[in-house]
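Peer 1: Hey, can you work out the whole structure from these sequences and the hints?
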Amino acid sequence: MPVSHDQRRKIESIDSFCKSCGYDISVITQFITENHNELTENEASIIDVLWESIEGLQSGSAKYSQTEAIKIVGCVLSIPKLVFTMTEVMRKVVILVIHFLKIIFRITDLKVIFDPKCSEKSINMHELSGLAEKMERIQVCIDAIDVAEDVDEPALHCLVSNVDIHIGVDQIGILKSRIQSMMSEGDMKVCLHLLTLFVRISTVRHSLLFRMITCLKTNNYGKHTSETLQKYMEKERADGKQFLRFFSGPSLKNVGVLSVFEPGEQIELVAYLKDMHIPFKDLRQVLDGHIFLIQPFTNSSILLGRPFPPISAARAMKSSTDVDNSLIRFQFKAIDGSLNLFHIVSPDLDEYLNMQNSLYCMYSKKFQAQTGAQWRIIQVREEEERDDMPSLFVLCTKKRPQQFLYMEKSFFECARGLEENIPPTKECLFKLIPPGESPIHIPISNCGILENFRMPE
Numbered sequence: 001m002p003v004s005h006d007q008r009r010k011i012e013s014i015d016s017f018c019k020s021c022g023y024d025i026s027v028i029t030q031f032i033t034e035n036h037n038e039l040t041e042n043e044a045s046i047i048d049v050l051w052e053s054i055e056g057l058q059s060g061s062a063k064y065s066q067t068e069a070i071k072i073v074g075c076v077l078s079i080p081k082l083v084f085t086m087t088e089v090m091r092k093v094v095i096l097v098i099h100f101l102k103i104i105f106r107i108t109d110l111k112v113i114f115d116p117k118c119s120e121k122s123i124n125m126h127e128l129s130g131l132a133e134k135m136e137r138i139q140v141c142i143d144a145i146d147v148a149e150d151v152d153e154p155a156l157h158c159l160v161s162n163v164d165i166h167i168g169v170d171q172i173g174i175l176k177s178r179i180q181s182m183m184s185e186g187d188m189k190v191c192l193h194l195l196t197l198f199v200r201i202s203t204v205r206h207s208l209l210f211r212m213i214t215c216l217k218t219n220n221y222g223k224h225t226s227e228t229l230q231k232y233m234e235k236e237r238a239d240g241k242q243f244l245r246f247f248s249g250p251s252l253k254n255v256g257v258l259s260v261f262e263p264g265e266q267i268e269l270v271a272y273l274k275d276m277h278i279p280f281k282d283l284r285q286v287l288d289g290h291i292f293l294i295q296p297f298t299n300s301s302i303l304l305g306r307p308f309p310p311i312s313a314a315r316a317m318k319s320s321t322d323v324d325n326s327l328i329r330f331q332f333k334a335i336d337g338s339l340n341l342f343h344i345v346s347p348d349l350d351e352y353l354n355m356q357n358s359l360y361c362m363y364s365k366k367f368q369a370q371t372g373a374q375w376r377i378i379q380v381r382e383e384e385e386r387d388d389m390p391s392l393f394v395l396c397t398k399k400r401p402q403q404f405l406y407m408e409k410s411f412f413e414c415a416r417g418l419e420e421n422i423p424p425t426k427e428c429l430f431k432l433i434p435p436g437e438s439p440i441h442i443p444i445s446n447c448g449i450l451e452n453f454r455m456p457e
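Mapping the sequence shown onto the working numbering, position 131 (from 1) lands on 131, and the numbers just tick up by one.
Honestly, the hints are just simulated from the structure, not real lab data.
Computed from a predicted structure; not experimentally measured.
One thing to keep in mind: the hints can contain errors.
When the alpha-carbon atoms are kept at most 30 angstroms apart in a straight line, the in silico DSBU-like pairs for lysine-lysine are as follows [claimed, not checked]:
#1 K117 x K176
#2 K102 x K333
#3 K134 x K217
#4 K63 x K92
#5 K217 x K10
#6 K217 x K19
#7 K333 x K398
#8 K217 x K241
#9 K10 x K117
#10 K333 x K274
#11 K19 x K134
#12 K235 x K274
Peer 2: Next up, the structure:
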């Protein structure tokens, strides 16, 4: 494909950025430009990702550098059998990738990004000790072969013998076990941080393995070794995708993590979910501006209501109540800059539903600015759910994300939040019903993707 003016500009920017980081790659970029007719869509996509990563890498932020690493590694690994079917142009493009990975490694302090930053109860602080140092040594070993002009077989054999190809595997397994355990009880913000650690370690590990593979391939060493490493990465990426699938359709057991998940803040995790093509449901298009009746899944004879006067707590009203009665109608208004975060408002008086310190819910105009009046709505996949069944949702506030809403079994059946930080039960499930219609149904498979979510400037 002919190189466009835009692509030429991107290649020049890549060359300039690498030069500013101490790497003169002008011979490589000149070769790519001169042989632009041989560029395929795969090479063009890699060049695009490298160019797009420059701004994030120039920021010097560890978070942004790891986000760009996820995108770069994901892009090259998405090309089937890349290292075994490389044309000369692709070889040169891969060299660009290697230089970017070197830069990312250099500006990232692994000891800092692998810091658990949580209590001893959440994770044994010693479980990740030494991992950063080991990965740094592997980087040094690979660099030594990279810069050598004449690499003989003994040198490559020494590299293979001294590089632990299982680096990080134990730590990844421990993190997955900790995360699954914490989902049943624990601080979901800590759980979310452990998920970020899982993503970081997986990304650095695969960056090193990719560099190892290309190093061996470039020097025509041990095709079997390269193929084995490639299979390791493919299997691990498939396992990672399976492990994180709950982001697409959470159950009651693991929905707690999504109660504290904010894409604008967890950019590394978002980048990894995109890379793995794990969809994430954005409910704003379905709910924003619409009016619903809110009905408990376990009791279809009642609805959430706003008894008069407003000094009363929100509580159950009979489902036989006239659907035009404003006291059982709630309007959902999406909050700018957040995902699946809404105000729940009375359409007649603009009173905001708010979870109080007592965990009971009151409604008033004065609650608009309070985080207790910002409700995260999350669709949950039930084990027995069929395609023809109404969709089920859990509701929690930004202020108290683990205090999921339920209807108290008391005389007034008041709406309140769970007292303990435990996974929600079926009593926390609700159906959303447009007045005079059937409960809404949103197919789990019909998910938006996080790529479509943008934080406001």
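Peer 1: All the hints need checking, so say for each whether the structure fits it.
Peer 2: Status of each hint after checking the structure:
Under the criterion of a C-alpha separation no larger than 30 angstroms, the hint pairing K117 with K176 is consistent with the structure, at around 17 angstroms. At roughly 46 angstroms between alpha-carbon atoms, K102 and K333 are farther apart than 30 angstroms, so this suggested pair is violated. Distance check on the hinted pair: K134 and K217 sit about 23 angstroms apart at the alpha-carbon level, within 30 angstroms; holds. For the hint linking K63 to K92, the alpha-carbon distance of about 28 angstroms falls within 30 angstroms, and the restraint holds.
For the suggested pair K217 and K10, the alpha carbons sit about 27 angstroms apart, so the restraint of at most 30 angstroms is met. With a C-alpha separation of about 26 angstroms, the suggested pair K217 and K19 falls inside the 30 angstroms cut-off, and the hint holds. For a cut-off of 30 angstroms, the pair hint linking K333 to K398 stands: about 15 angstroms separates their Cα positions. This hinted pair checks out: K217 and K241 have alpha carbons roughly 27 angstroms apart, not beyond 30 angstroms.
A distance of roughly 38 angstroms separates the Cα atoms of K10 and K117; the hinted pair therefore is violated under the 30 angstroms criterion. Between the alpha carbons of K333 and K274 the distance comes to roughly 27 angstroms, so the proposed pair stays at or under 30 angstroms and holds. Taking the CA atoms of K19 and K134, the gap is near 28 angstroms; set against the 30 angstroms cutoff, the hint holds. About 18 angstroms separates the Cα atoms of K235 and K274, which keeps this hinted pair within 30 angstroms; it holds.
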